[in-house]
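Trainee: What follows is the residue order along each chain.
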Amino acid sequence: MESFTLEQLAKLIGGTPLGSFDQKISHLQDSRACDSSSVCYVKEKKFIDTLSQDAGAVITTKDLAAHITSTENFIIVDDPYLAYAKASKVFSAAYNEENKKVETKFGDNVKIGQNSVINPNCVIGNNVLIHDNVSIYSCTHIGDNSIIHSGTVIGSDGFGYAPTGDGWHKIEHLGGVKIGKNVEIGASTAVDRGALGNTVIEDGVKIDNKVHIAHNTIIGENTAIAGMSGTAGSVRIGKNCQIAGQVGIIGHIEIADNVTVMAKTLVTKSLKEAGVYSGVMPIQKHKDSLKFIAKIKK
Amino acid sequence: MESFTLEQLAKLIGGTPLGSFDQKISHLQDSRACDSSSVCYVKEKKFIDTLSQDAGAVITTKDLAAHITSTENFIIVDDPYLAYAKASKVFSAAYNEENKKVETKFGDNVKIGQNSVINPNCVIGNNVLIHDNVSIYSCTHIGDNSIIHSGTVIGSDGFGYAPTGDGWHKIEHLGGVKIGKNVEIGASTAVDRGALGNTVIEDGVKIDNKVHIAHNTIIGENTAIAGMSGTAGSVRIGKNCQIAGQVGIIGHIEIADNVTVMAKTLVTKSLKEAGVYSGVMPIQKHKDSLKFIAKIKK
Amino acid sequence: MESFTLEQLAKLIGGTPLGSFDQKISHLQDSRACDSSSVCYVKEKKFIDTLSQDAGAVITTKDLAAHITSTENFIIVDDPYLAYAKASKVFSAAYNEENKKVETKFGDNVKIGQNSVINPNCVIGNNVLIHDNVSIYSCTHIGDNSIIHSGTVIGSDGFGYAPTGDGWHKIEHLGGVKIGKNVEIGASTAVDRGALGNTVIEDGVKIDNKVHIAHNTIIGENTAIAGMSGTAGSVRIGKNCQIAGQVGIIGHIEIADNVTVMAKTLVTKSLKEAGVYSGVMPIQKHKDSLKFIAKIKK
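Residue numbers (this note's numbering), protein chains in the order written: chain C, 1 to 298; chain G, 1 to 298; chain L, 1 to 298.
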């Protein structure tokens, strides 16, 4: 695996190295999981609390670096999120190269329909059934007995960009997708790969058609998600939940075990207690709706 | 077609046979349509009213069986829905075998794009146009002059599982999809097959992109459904309706002829009268929305 | 290119010619852009203000024709929109023939995944990356450095039909899709072609998974649209906007530059001022939602 010195990497992403300029860095990782041969980024003070004690180096601002005691190796930048986007590009070449080199492993009794594409560096378990016209990107693991319906896409890049004065800077997605056993995913659903680390769908999860699972979402065992629902990035859903159709879940939200969210509700805050939640305007004759809307606006 | 005795089937799904143990059963059917060589299930008392008078046998509880007079053949179980799920698995082997054996029939002047997959045991009418990368499962009928756009999936399994103490038990979908004449279905839409019986799209229906039509939905003639709308299972929409974009329709709802549902409305009850319906929060400057939400919560 | 006389075309669409019966007409165009060898339609008085001064002929009613002074060539009909639908069919044969004849042009360093279909008469810029199972219809332009993820469909017909007493009359879509440079489009997204003229996605736009961009929508530079959002036809979104997930935008709406629309909001009116907009019912415990709904209905 290609590696960079702290000094080389700082140059590539337009930052200033601090500490051991010769420190070898071979991966970009999430700040909670960063190991001694990797770099991560910290863009706000709150992320220092959960920062790995073992990080090889940290991309951050001068101010934030003053609060980080677990390492002395930094790349100092004005905008850590943009610097992270640039670093993701630096490490993506090696990531893509590695993916091309590793053959996909197939378990016993795997059935794959027509025109489905399974890219290299995947692991497909025993008795997996993949229907027609399915697209599976590299770094996808699918557990035993799972079923993927037609038109579904697993492992596409998450929707992540750093804002710049001149448009959006793409964040290369260097994670994967980990799907457990006895999972079923419906038709025309999309599951994005993780930015760093994996998007995770645990054992026994059932996902309907046209669902959107964003990067780094984690869905707990035996949770069911009905048609046209979607999560934004880094959502965490507990076990045995029932998410009805057309539900939306805002980024970084956590949902406890045994939560039911009724159809079309937008989940805008973490749901820490089991129970049934909803939030939808009632359907009425349109003229009655108009009266109600006029009242709201007063 | 493979058949089972009442006794054999009872054993396979973990129930107790009652009546003629040698009764031959070759199909699993909906309780309203069950014929003398088939079995159906009854999970609630209300379904006894519409139970076929000709059912070969009924999977149900001991209590419910006491109210059924049209047959003396039962498989007695604690959980009829779970037993039905198990029975669907029993009958799916023959169903799948039959589907593989029957060649798809194509009418005159059918045009099929690149990389579209049409599985066996379908019927494609005259002058049908199927664009690229379309996925059509077995048991799909498409009427004359209909058009299917790219990326669309017809006939995927519905989202049906029986709950168990240990996750979800898949219901095998043994029905099909029946699409009428002069129908147009947009890009990346999904139409699920029926669980028992068909999902039906009648003549002249127009469906936009990214629509989700769940199992056993019936859509009446000349109804139009705009982008990103979806139905849950067993919805029945009348003729000449206009369903705008991002509408959701809860399972088992009936919508009369000539109903218009405005964009993003959730239809939570049957609409028995023609007319225009809506139910959506008005868009406002976000600070005004926040004030309104604060008021609701008081 | 095949052309028709005013008299021939009038006969084909069931109207009465007025003016120079021998006027040659070779295209059907939008009323604002119609040139001297083309025909357009005017269905309401308000469209006369923006009618091209150079139109070869106009399909309209007798009453509206009396207000149009820039041409003397008309096809007089009772229902201009239906007549336009019929005219779109007349011109579609030549349009489709032309599309088949022109080879797609590929820039340098274009990467195309497996089972992606690129129809003729497209232009694909330099360094474009198209993933697997993508469907691209004719008349699609993709600018340099743009990325299209798996399962996405570009150029499908818009959802346009003229109502008749006997169902819907399809409007053939004779435009295309113009995608700028540095655009990224996620997985399972659909971008419809223009009815007349193009659907336009300007440079630097980022579109997430499962988004629906309807015919003749124009999206300004560097605007980002998150998952499962959609536009209806002829929407115009400004530059540097942020449209969150599951947002809907009603047809013909205009959104100014630098507008943010929060998740799941339905945009029912033009947003002429930069700022943040929202309109969503808050999520609550379901029993609290029920109380609120009961209050609304009183």
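Take the hints with a grain of salt, since some may be wrong.
Identical chains blur together in the list; that is why a pair holds if it fits in one copy or across any two.
For lysine-lysine, the following DSSO-like pairs were computed, each having C-alpha atoms within a straight-line distance of at most 27 Å [unchecked claim]:
id: 1; residue 1: K285; residue 2: K297
id: 2; residue 1: K181; residue 2: K170
id: 3; residue 1: K272; residue 2: K298
id: 4; residue 1: K105; residue 2: K297
id: 5; residue 1: K287; residue 2: K272
id: 6; residue 1: K298; residue 2: K24
Keep in mind that the hints were calculated from the coordinates and are not lab data.
Trainee: Tell me, please, which holds for K181 and K170 at an alpha-carbon limit of 27 Å: within, between, both or neither?
Mentor: Result: close only across copies, 14 Å inter versus 32 Å intra.
Trainee: When no copy is specified for K287 and K272, does a C-alpha distance of 27 Å or less occur within a copy, between copies, both, or neither?
Mentor: For K287 and K272, only the inter-copy Cα distance (17 Å) is at most 27 Å; the intra-copy one is 38 Å.
Trainee: Quick one: K272 to K298, C-alpha cut-off 27 Å, is that within a copy, between copies, both, or neither?
Mentor: Intra 34 Å, inter 21 Å, cutoff 27 Å: inter-copy only.
Trainee: Between copies, within a copy, both or neither: which fits K285 and K297 at Cα up to 27 Å?
Mentor: both (19 Å within a copy, 11 Å between copies)
Trainee: At most 27 Å between alpha carbons: which applies to K105 and K297, within, between, both or neither?
Mentor: So K105 and K297 fail the 27 Å test inside a copy (59 Å) and across (53 Å) alike.
Trainee: Given a CA cutoff of 27 Å, do K298 and K24 count as a within-copy pair, a between-copy pair, both, or neither?
Mentor: neither (63 Å within a copy, 57 Å between copies)
Hints 4 and 6 from the earlier list are contradicted by this structure; the remaining hints agree with it.
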